[in-house]
Amino acid sequence: MNPIVIVGAGWAGLSAAVELSAQGHAVSLLETATVSGGRARSVRHAGRTFDNGQHLLLGAYRETRALLDRLGVPEEDVFARMPLELLMHDDAPNGHLHIRAGRLPGRLHLAQGLLGAAGIALPERWRWLRAAHRLRRPPPATSTVSAWLEATAQPPRMRRQVWEPLCLAALNTPARTAAASVFHRVLDEALANRRQSALLIPSRALGRVLPEPAQAYLRAHGADIRHGSRVKHLLVQGGSVSGVALRSGDIIPATTVILACGPWETARLLTPHAETSALAARISRLQALPIVTVYLDYDPEIQMQPAMRGLLDGPLQWVFDRGFGGEPGVIAGVISGPGPHRALDNAALIDAAVRQLNRLFPEWGRPRASWVIREQRATFAATPDAETLRPAPETALKGLWLAGDYLSTGLPATLESAVRSARDCAGSIAASSA
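Residues 1 to 434 in the UniProt record's numbering are what the sequence shown spells out, letter by letter.
Hints in this document: simulated from the structure, not taken from any laboratory.
Between beta-carbon pairs, the in silico distance windows are: (1) Ala80 x Asn2: 41 to 47 Å; (2) Ser432 x Arg136: 33 to 39 Å; (3) Arg342 x Ala92: 19 to 25 Å; (4) Ala434 x Arg219: 26 to 32 Å; (5) Gly106 x Pro138: 15 to 21 Å; (6) Asp345 x Ala118: 34 to 40 Å; (7) Ala392 x Ala118: 44 to 50 Å; (8) Ala80 x Leu108: 21 to 27 Å.
By construction, the Cβ of each residue, glycine as well, lies at the ideal position given by its N, Cα and C atoms.
With the hints as constraints, model all of the structure from the sequences given.
Below, the structure is given as C-alpha cells:
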C-alpha cells in the first residue's frame, strides 16, 4: 500500500504527519530544505544555533499544546510561560504604559489589569475598560481593524499603545488594512481567561520544540522523512492524484498527497492541472508580508525585565531578552509587516536598532555582535479580502489535500493556525474514507 505523501515539513506538515501516523497510516514526508520546521526553524550562524525569527505562542494555542502532549514534550521543558504583561515605551507626550493581567477568573483578569495599569490616570482606565468591552461584539466581515476601532470609539491613546501594536504583532498586518474579523478572533480566544492570555516564549531553539520531537515520533512509527527533496510536479490520472515527481528524477506513487508547503509553492504545484488551476490563481492572490528579526549580542550580564517590551518609536516594534532561553545578553528585536525599514541594509538597520535601544538603556552601549534575519514571505497579509481567498483542505483533485497556516482556520498566519489546519486536513481525509 502506498504511503500518504506530505509535501513540506514545516509545522503544518509535521503536524499532519504525526496525526496520520497516529491513525496507523504510512507516511512519506518530503522537505526541500535540509532541516524541518519551515518558517519556524533553527538555523546556524557564526558557529551557533538560533531561531530564524523570534516566535511567541499564546496559552490559547490549544492544538499546538495538544500536539506537544502527544509527542511527550512537557510545556515547561520548551516554553517560559509568562502572564500577559504589556510594557509599551512611547516617546510621545503620553509616555509609557504598563498593563499586567490580573488574577481574577475569566475576562475579569483583563479588567483587573486595565484598572491597575500604570501610566494612565484612573478616569482614563475606566474609559479604556468600557471601550475594551465594546470589542466583544463581532465586527462586520468586510471591516478593517482601524475602521472597527473607530466604530467602537476606542480612545486614541489606547489605539496607539495597545490595539494597533497588538494587531500588527498578531496578524503581521497594519491595522489600516488588517481584517477586523481575524483580530476579533485572536482577542476572543486569547483574552478569555488568564491561562489563555499567557505568553509562551520558547526557552529552547525552535527545532527542539516541535520539529525534532515530531521527527523522532514519526521515525518510531516507520515514517519516511526526506530532506533536500523538492517536488517538481504532481502526477495526475483521471482526475485523481497518483503521486509526485521529484527534481531528482524519483517518482513516489501515492493516492493521497497533502501539500503542506507555503501558499505560493502550493500554487505552483496546482497551476498545471485543470481541476486546480482556479484554486491556484485564488491562492496566488494572497499578498506576502515580511518579518525581520535583529539579534543583538550584548554582555551576558545585560538583562531586561520584563523579558518582552513594546517599542512605539523606531524600527524595532518588540524586543525580547533571550536570556530566558539560555542565551544571556542576546536581545531579539522584531519588526512586523511593511515599513521604511525595508529600505535599510543590514548594517543601517542594526545601527538604527542600537540607537533606539540606547535611548532606553544607555548603559548597554553597543553589542558585541549582531545579525539580521529577513523572512520576506513570513505570512500572508490578513486583510478582509484575504479571508475570502483562504481555501479549505479538500481540492477538486481526488486524493489531493492542503494544509498550512494560510488555510481557512479563522486565525492569522501563526503556528497554531498551521497545526489546526493539519488537524482539519487529517480529519477530512479520515471522513472521506469512512
